[in-house]
Amino acid sequence: MMSPHVILRVVSKVLIPLIIVYGFYVHFHGEYSPGGGFQAGVVLASAIILYALIFGLDEARKVFPPYWARVGMALGGFIYASVGFVSLMMGGKFLEYAVLHPDVSHGTGQHIGIIAVEIGVLTTVTCVMIAIFYAFAGRTPEISDEDW
Amino acid sequence: MTAPRDSKAGMHPLARPLSGLSSPRAGLIALIVIAVLVVGGFALETVLSDGGLSKYPEVYGAYELLPLAAAAVAILLGWGLVWLISRPGDFYSRAAGDVTEGQDD
Amino acid sequence: MTDAVSILNGVSPAWFLIAAGLLAWASPRSELRKALMMLGPIGALAAWFATGETGVYGVLDLGPVVLETFRLDGLSRVWALVFILISFINAVYALHERNRMTDGAALIYAGSAVGAVFAGDMLTLFFFWELTALASAPLIFAVGTPEAQRAGLRYLAIQVLSGVMLLGGAAMWASQTGSWAFDAIGTGSWAGIILMLAIGLKAGFPLLHMWIPDAYPKATGVGSVVLSAFTTKLAIYALARGFAGEDALIVIGLVMAIFPVFYVITSNDLRQTLAYALINQLGFMVVAIGVGGHLGINGAAANAFAGVIYMALMFMVLGAVLLRTGTVKATELGGLYKSMPITTLFAIIGALSVMGAPLFSGFVAKTLILSAAHHEHHDLAYTLLVYASAGVMEISALKVVWFAFFGKDRGLRVKEAPQTMHLGMALAAFLCVFLGVNYPALYGVLPFDMDYKPYKLASVYGQSQLLLGTMLVFGLALYFKLFPLKSDRTILDADWLYRRFGDASARWGAAMGQLLFDAIGKVLGAFISFVRLRLFNLFSPAGALSKEFPSGMMALWTAIMLAGVVLVAYFSPV
Amino acid sequence: MTVGQFLPAALAAHAPVLLVAIPLILSAPAAALKSGRTAWGLAMAGSVAAFLFAIELFLATRGDAPGISYALGNWEPPVGIEFRVDGLNAALLLLLTASAVLALLFALPSVEDEIDKDKRSLFYSAFLVVFAGLAGVATTGDAFNLFVFLEISSIPTYALIAMGAGQDRRALTSSFNYLVMGTIGATFFVIGVGFLYMATGTLNMADLAARLSELHGNRVVEIGFAFILVGLGLKAALFPLHLWLPGAYAYAPSFVTTFLAATATKVAFYGIIRFSFDVFSVENGFVLNSFTYVITPLAIAGMIIASAQALFQSDVRRLLAYSSVAQVGYMMLGLGIGTQAGVAAGVLHLINHAMMKGALFMALGAFAISYGVRRIENFKGLGQALPVTSAAFTLGALSLIGVPFTVGFVSKFYLIQAALQKGWAFAVVAILISSVLAVFYCYRVLVNLWVAPRPDGASRSVQRVPYMILGPLLVLALMNLVFGVYAEPIVNMAETAAAAAFNAGVAP
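Chains as they are written, first to last, in this note's numbering: chain A, 30 to 177; chain B, 1294 to 1398; chain C, 8 to 581; chain D, 534 to 1041.
There may be inaccurate statements among the hints.
To list a few chain C residues with every Cβ distance to chain B over 10 Å, as calculated [as the list claims (entries may be wrong)]: (1) Gly-17; (2) Leu-52; (3) Val-72; (4) Arg-105; (5) Ser-182; (6) Val-268; (7) Leu-330; (8) Tyr-394; (9) Ile-402; (10) Asn-445; (11) Pro-454; (12) Gly-476; (13) Gly-482; (14) Val-530; (15) Tyr-577.
With a cut-off of at most 25 Å between alpha-carbon atoms, the simulated DSS-like pairs for lysine-lysine come out as follows [as the list claims (entries may be wrong)]: (16) Lys-567(D) to Lys-91(A); (17) Lys-652(D) to Lys-91(A); (18) Lys-91(A) to Lys-42(A).
Pair by pair, the computed Cβ-Cβ distance ranges are [unchecked claim]: (19) Ile-355(C) to Val-1329(B): 17 to 23 Å; (20) Ala-566(C) to Lys-567(D): 55 to 61 Å; (21) Glu-154(C) to Val-1326(B): 40 to 46 Å; (22) Met-457(C) to Val-1329(B): 36 to 42 Å; (23) His-103(C) to Pro-1310(B): 37 to 43 Å; (24) Asp-80(C) to Tyr-1019(D): 26 to 32 Å; (25) Tyr-1019(D) to Ala-164(A): 47 to 53 Å; (26) Ser-37(C) to Pro-1310(B): 35 to 41 Å; (27) Leu-544(D) to Ala-164(A): 38 to 44 Å; (28) Gly-613(D) to Phe-53(A): 27 to 33 Å; (29) Ile-1322(B) to Ser-37(C): 54 to 60 Å; (30) Leu-37(A) to Gly-905(D): 33 to 39 Å; (31) Arg-105(C) to Gly-1373(B): 41 to 47 Å; (32) Lys-652(D) to His-140(A): 37 to 43 Å.
Since the hints were made in silico from the structure, they are not lab data.
Given the structure is predicted, the values throughout are model-derived calculations rather than measurements.
Ideal placement from N, C-alpha and C gives every residue a C-beta, glycine not left out.
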């Protein structure tokens, strides 16, 4: 099924890569300025959601299968917790980022740790947003559109 | 004999010799015997009261008359009681039941 | 004492009975169960004999409390002995029955009664006290009718309530005195009063007695035999232990001895008649305990001992009648002597014991109490007891014998009771006569030594007059058809209080509570919906969220509780 | 950590955090898996690991040993988030993890019976998150972090309850109700924490305790306390804030009910103890008065009213759910007494209640698997058909009543003692009344189970009770008996816990 809104399709095709790039921009700023995994995750998810709105849910599901969302949700949490375990294994305490890199004076370990953790957050938030969207959008309406 | 015709049928062998016991006459005879015993005993005690028959002299009233009075009063009061507090046999079961099966709320 | 037996020295007889009961529950074959039912009491009896020395055995240290599970002394020996004896007799009597539930229950019931008697502290007592309740209930439930189910539940409720009160009282007592030991308590404290009420509930104190005539007639034929034997006598033991010489007990006992007279006369169910007679017997014992002293306690013990046996005999007789005819209603029975002459003989022996005819066990036991009352100069009590024994005991006994076995022949031609039942009844009947004739045997096991001769001319003579006089009145009443007996009537008793009034008021209370709850909810709900109405215009369709209950109610309660805490906190001192 | 170190030191040093983190991280692969059995394996692994850590922690905090503090990310408290374990929460953690392990054994057959195939791995994943969240609540020493963990545990709980919809659609509304109310509770809690932060400027519990002891007559603190108490009270199903509980317990999958009944309200209850007696202190008039004049009457009302409500239920799970509300009343009464003995009795009952309700709900699960029955009248004659399960149920019920030689008796005994020490005879009366009611509602079930004959034409057993259920069920049932006779370990546990709560367990 092809949507008749040509302008929308063209514009969104231009916008979606930008949104994704902006999402990553927000994400990598999260470490020292407003931003971070939460916000970036929502932005990233909005790219997929926009795609789904314009090209239809089925197309979107081909681009980003629902199963990915489920795995991604889990993966994000896993990444987050893994950072904690990695720092444990490197001799620190749970989630002690300082041990992740020997350069303590510049706090390199802290940077690495935060970014790694934020990646986990990003993954989860993105996938959760998409999963929620799929769940709502995939629901068969109780009243069909014709009956309104 | 006014007893039912089949009164002997089905009786336990040991009870056969006693089959007359249920006739009204036997009851009357027993009653008379008991009455004689009671009256006789009362008379005997009155005559021999100094002979140590009276059990507890300091207890009021005639000891041997107590049961008569007590039982008679009790039985007669029983009528009042029946009138007062007896109810049809299904009195309790007519109520909604003692254990309420609760509804699932 | 042989060596084989002396191993058992210090082992509580209760465990034999309880173990046998548990095994009986577990064993699928009825032969095995019957054997267990005989072996349990025999083992218990052996243990009873083996432990010759009085003292405390079976001490269980549980940390905060020390449990004395086997305290053997003069008082506990008597009760334990008669409990063991009757459980054996019951085992013989019940040989014909095939019911796993009641077989095991009867044994455990007996065992827990023995255990309770031997309990040296109140926690052990409580444990066995509740166990008697739980183990005896199946004897009523086993009948299987809905009516029996309900009666069983009521019975259980009362019994458990008694146990709970006992525990509560014991806890208070322990916190006051620092000891859980079960010795003389007295009514000097609230704890004592609660304990007495707890015991009184099982002993059938006036107004607390209603479960006895309610439950006993509804048990199985065999069940009512054991029911009549243990629970109430156990309570008498507890009273004798804790409240000997308590004056209030004399009054209570007298009421118990006298008021059943009307019920004995009017009740149509013969087992109910016996249940009321039982209350009267208990009244005698309670009076004896209230009188106190060696003679009084001995009198209570002797009465309990003899009473267990002859009441059990009477219930056995009616159990046999119930088995063969299917009913024990006075108005449906009559002339049974023709088909059950042997049972009739036992019934007469039992009745003579109940009446207290000389040469029967009732006589040697009852004269002790009368003597005690007389000796302690409770003249009014004495007179009333004489009255009660005329009015209640004798009428009940006469009534059972007359209406079931003589009286109007209803043409019931049934088989004589099974041989095993006869054997059980014969054992009990033998004891009734044996203890009556050979009274030193009975007096020998009593708690206190005494030199008492029951067979004095005056006593025998007086008692005979009492008997004959009552018989005369009974006969006259029958002859002139003055006996107030009606078929198919329910005689109200104090159980009306909870079966009708209590039930109704509970329903009423529940309904009112619901109304109140609803009313509060409505008033508050009205306020909320007022606010919501305003909000509704802003946030339309409420949809799924509009369901107010229980979330809304809950939010409300949360707010109320918050307000409560805040208020309390606000007015609290810093 | 001188006492009883049985894990390697490298692991033991991180026990508090690993206890929470391992189930949490395992939940991720569990969710991604397709096979329910593998997910179950992960859940089991996580629970067993947590159980081992809990034992370690418990041994390490026995007696007079000081609490263990763990600075997350090596940010020192009070700035950083601190995990802190002392006698109070070590006992709770042990209970929680042991319940999880036992319940999980039961889960495998039960979940296969009740949950759709494609949802099982998500189910176990959600369970792991709940478990980690509850463990986190019990471990954390930071007030705000406690809120976070509370929500972590709550949100998957709603999902778990809703999964009962396959059996009974009412699970959905129950879950939704719980969601609404649980959120209210959590919100109240976080508002309270906010007030405390406003007054003290710290979120670390130990630090809060220290600063609060200097703030007298501060109204903000009092309001904060009120909010926290009500919020946690709601989570703990304190009467009358229990309305979410019966539905949630009755319609959730059997396993969820078993696990939640043994743990969820307990953790909230722990929160109340922690905040009321440790962060605040009963020396504060408003704390003591709140307990005396608000909590105690509500506890007593709950004990009696909820028991009475249980009496009239025809669904056995609902019956037990109401009974749980009543039991929460007992625990709260222990707190309401406000003495160390009272708190010990409350904690004791908390532990014991987990044992009895665990056994009872598990037995119900077994009945449900074999016969698919839940209503009382369907229990007729099941005692003959399933003797072992019925016997376990009976043990649990006897314990619930408080028959001597069961744990139920032990805790009621201590509760009565504590009440008498305080001179509260009315509390004793209430306990006894509630016990009598318990006798009634238990007996209603037991009579049907054992005495009533199996009706003709009743459904035949669908399947035998699997050993996976019988095993943990018997363990739980026998624990009721064993600890009823040999009560010392659990009594010690409770007394240590109460001592920790009273003697400033979190204070540095």
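Going through the hints against the structure:
1. Gly-17: holds (45 Å)
2. Leu-52: Holds, because the least Cβ-Cβ distance between Leu-52(C) and chain B comes to about 33 Å, which exceeds 10 Å.
3. Val-72: Check passes; 36 Å lies beyond 10 Å.
4. Arg-105: holds (25 Å)
5. Ser-182: Check passes; 36 Å lies beyond 10 Å.
6. Val-268: violated (5 Å)
7. Leu-330: At about 16 Å from chain B, Leu-330(C) clears the 10 Å cut-off, so the statement holds.
8. Tyr-394: About 4 Å separates Tyr-394(C) from the closest Cβ of chain B, which leaves it inside 10 Å; violated.
9. Ile-402: Violated, because the least Cβ-Cβ distance between Ile-402(C) and chain B comes to about 6 Å, which does not exceed 10 Å.
10. Asn-445: Non-interface label stands for Asn-445(C): nearest chain B Cβ at 23 Å, farther than 10 Å.
11. Pro-454: Holds: least Cβ distance 26 Å, greater than 10 Å.
12. Gly-476: Violated: least Cβ distance 4 Å, not greater than 10 Å.
13. Gly-482: Violated: least Cβ distance 4 Å, not greater than 10 Å.
14. Val-530: holds (22 Å)
15. Tyr-577: Consistent with the label, Tyr-577(C) stays out of reach of chain B, its closest Cβ about 36 Å off (over 10 Å).
16. Lys-567(D) to Lys-91(A): Since the Cα atoms of Lys-567(D) and Lys-91(A) sit roughly 20 Å apart, the hinted pair holds (cutoff 25 Å).
17. Lys-652(D) to Lys-91(A): holds (22 Å)
18. Lys-91(A) to Lys-42(A): holds (16 Å)
19. Ile-355(C) to Val-1329(B): 17 to 23 Å: Holds, at about 21 Å.
20. Ala-566(C) to Lys-567(D): 55 to 61 Å: violated (46 Å)
21. Glu-154(C) to Val-1326(B): 40 to 46 Å: holds (43 Å)
22. Met-457(C) to Val-1329(B): 36 to 42 Å: holds (38 Å)
23. His-103(C) to Pro-1310(B): 37 to 43 Å: This hint is violated: roughly 28 Å between Cβ atoms.
24. Asp-80(C) to Tyr-1019(D): 26 to 32 Å: holds (30 Å)
25. Tyr-1019(D) to Ala-164(A): 47 to 53 Å: holds (52 Å)
26. Ser-37(C) to Pro-1310(B): 35 to 41 Å: Cβ of Ser-37(C) to Cβ of Pro-1310(B): about 38 Å, so the range 35 to 41 Å holds.
27. Leu-544(D) to Ala-164(A): 38 to 44 Å: holds (40 Å)
28. Gly-613(D) to Phe-53(A): 27 to 33 Å: holds (29 Å)
29. Ile-1322(B) to Ser-37(C): 54 to 60 Å: violated (48 Å)
30. Leu-37(A) to Gly-905(D): 33 to 39 Å: Check failed, 54 Å falls outside 33 to 39 Å.
31. Arg-105(C) to Gly-1373(B): 41 to 47 Å: holds (46 Å)
32. Lys-652(D) to His-140(A): 37 to 43 Å: Distance hint for Lys-652(D), His-140(A) holds at roughly 40 Å.
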